[in-house]
Amino acid sequence: MSDQKTSSQENKKQQKVSRRSFIKRFGVAGATLAAAGGTSTAVLAAEAAEGSSFGDAFSEYFQSHYRKMTKEEITEALARLERQAKREWEVDIKIEAYPPIDNVVFGYALNISKCKGYRKCVDACKVVNNNSRDPEIEYIRVLEMDTDTKNLEDSNHYYNPKTVPTAGKYYMPVACHHCERAPCVRACPTQATWKEPDGIVVVDYNWCIGCHYCVIACPYWARRYNWKKPSIPKKEINTKTHYLSNRPRYRGVMEKCTFCLQRTRKGQLPACHEACPTGARVFGNLLDPKSEIRYILENKTIFRLKEELNTEPKFWYYTD
Amino acid sequence: MKIFREKIILLSIAILFAIPFTLYQSSRVMAKDDATAIPEKKLKEKKVESIVGSVRSFWKKEKLFYQDKKLDYPPFHVPSRIEQLDMYPCMDCHEETEANADKERVLQDEHENIKLNHGGGRFWCTTCHSFSNRNYLRSFKNKKISFNESYLLCGQCHFKRQKDWFFGGHGKRVDNWNGEKIILLCTECHNPHSPHLKPVAPNPPPEKHMGPYHQKSDVADQSEQKHEESTEHHQKKMVWEKIESNYLRSKRNQ
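Residue numbers (our numbering), protein chains in the order written: chain L, 42 to 361; chain B, 5 to 258.
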C-alpha cells in the first residue's frame, strides 16, 4: 500500500514536472514566435509606412524567386510593383516581363577607331534606364588610353578636355560585357543574378541583398550599387520598363547594363547604340550568320578585354 | 639486350610523336597569314596564290579584294537624302544659269558657304555633280547617281569602307537590329565637301565619390590635375621608352 502510494505520488510529481516543463516550453516557443511575428510585422509595417500598403509589403516579403514564379504570380507581382512605384515616384509606370526571343544570343561590338570619347552613350543610357542622378550612376565608363598601350590600369575615365578626341589617345567605353561564363553569376549567394537564354545577365532587384560579392567577382567593374535611394527628376522617368532591367530601383540593390533588354527584346536597338554619333557601335544576334556582328567577328581585327580570365564576354572591340 | 630493347622502344615513341609534330609545324607555316577567320572562298584563292608566288605582297592582296566584285550584301534601306536638301530640285536654278566650265573658281552668287576641302585640290564641283543635270551626281564613267544613292559615288574611291558599310562594319544602323535594315547614308555623318570630322566638346565626366568632406571645387581641381599629370606621365613614359629602345638596339648590334 505504501509502495503504491509513493509510486502514485512519484507519478503525480513526474506528471506535475512534465506538465510544468511542457507549459514552460510552450510558453517560450510561443514567446519567440510572437517576437518573430512582431519583428516581421514591424518590418512590414515599416515598409508600409515608407510608401506601400501593408498588403503589398506582405506579398513583397513573401515573393518567390522570379525564375520559379508562375505566370499568374508574375502578373500579380508586376501589378503590385506598379502600385508601389506609383506611391513612391508619383508617376504611372508600366512594368512588363516579356520573355526572350527564340534563337537569339546578343552580341555587341565597338569600333575603337571611331569612338571619339563624346560620352553621348553614357547619358542616353542614364536617361533610358532610370538611373539615379544623385548619387550619379552611369553604367558605361569611357576609358581614355594612350595609343601605344592596352593596359587598362593606365587609363583615365575622368578626362575632361575642351575638345575630344585628344591626340595620342583612344577611347574605349566599358560596360557590362554579359559574359558567357560570368563570374558574377557564380558569385551571387542568393542567385539574384543569372544569365537569361538570350545571353543577357540580369539582376532581380527584389532578390538582391547587396552583399557586393558580384562586385568583387566582376573583372570589368561593371556593377553599380545604390548606396542611397535613387533620385530621378519626375519628368525624366522612363515609364516603359521591364521587371529585369530598367524599372525604378531601391536603396541597397545592385544594378548594371542590361543591353537595354526592354528595348532589344522588342527588336529595337540599345540606347547607347542609338545615341552614338559616330556609329562606332554594332549590335546584333550572334546566332544569325548574316548579322553585322558576325561580319565583324569574321572579318575585322577584334579583341576582348581580359581574355585570359576565360569569362567569354560578348562585347568585342575592333579597329578599322 | 634489355637496355637495347628499351632504347628501341624509346626511339619508336619519339618518332611517333615527331611525325605529327612536324606535320603540325609545316601546316602552321602554310597558314601563317590567316590570323583571322576568312571565308572559304578566299581561302581557296589564297592557296592558289601561294603556289604561284610565295611572296604575298600588299598589292596582290588589294587585287584579290578588288576582284571580289559580286558582294552578296544583305538588302537595306536608307533614309531619303533628297528630302533633307533645301534647294532640291537643283535644275530649278541651273536650267537657266549658264554652266561655267572654269576650274577652281570661287563661288560668289550662291553656295558661298561651300568650301571644297576634299581631294587635296584635285577635285572641283563637276567631279561629283553631274554637269548636264544638277539633280544628280555622277560616276567616273558619267553615269547618273541619285542623291539617295550617294554611296555608289563615294564607294568608287572608298571601296573598302563601302564594303564595310554594306555589311555593317562601318556606319550606323538605326531603328532595329532585326527586320528591315535601315542604315544611314554617308552624307548623314560626313559633309561631302569637307568630310573630316572636327573635334567636339565631350559630355561631362562622372562624379568622383570622395567621401563626405569633399567640396565640389575639389572635384574640378582634381580632374584638371589628373589631366596635367597624365600628359606629364605620358611624356616621361615616351622618354623612358626611347632610352629603353636605344639600349636594346645597342645590345642587338653587339
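Note that these hints are calculated values from the structure, not bench results.
Source: prediction; values computed, not measured.
Just so it is clear, CB atoms sit at the ideal spot from N, CA and C, and this is done for glycine as well.
Warning: the hint list may mix true and false statements.
What the hints assert, rightly or not - Think about it this way: if two alpha-carbon atoms lie no more than 25 Å apart in a straight line, the pair counts; the simulated DSS-like pairs of lysine-lysine are: (1) Lys145/B x Lys161/L; (2) Lys191/L x Lys212/B; (3) Lys202/B x Lys135/L; (4) Lys185/B x Lys331/L; (5) Lys167/B x Lys203/L; (6) Lys161/L x Lys147/B; (7) Lys202/B x Lys269/L; (8) Lys127/L x Lys275/L; (9) Lys202/B x Lys161/L; (10) Lys112/L x Lys127/L; (11) Lys331/L x Lys202/B; (12) Lys212/B x Lys341/L; (13) Lys270/L x Lys164/B.
To be verified - A few chain L residues facing chain B, derived, Cβ under 8 Å: (14) Lys65; (15) Phe67; (16) Gly79; (17) Tyr199; (18) Leu310; (19) Leu327; (20) Pro330; (21) Lys331; (22) Asn340.
Structure versus earlier hints - violations, ascending order: 1, 3, 5, 6, 7, 11, 12, 13, 14, 15, 16, 19 and 20
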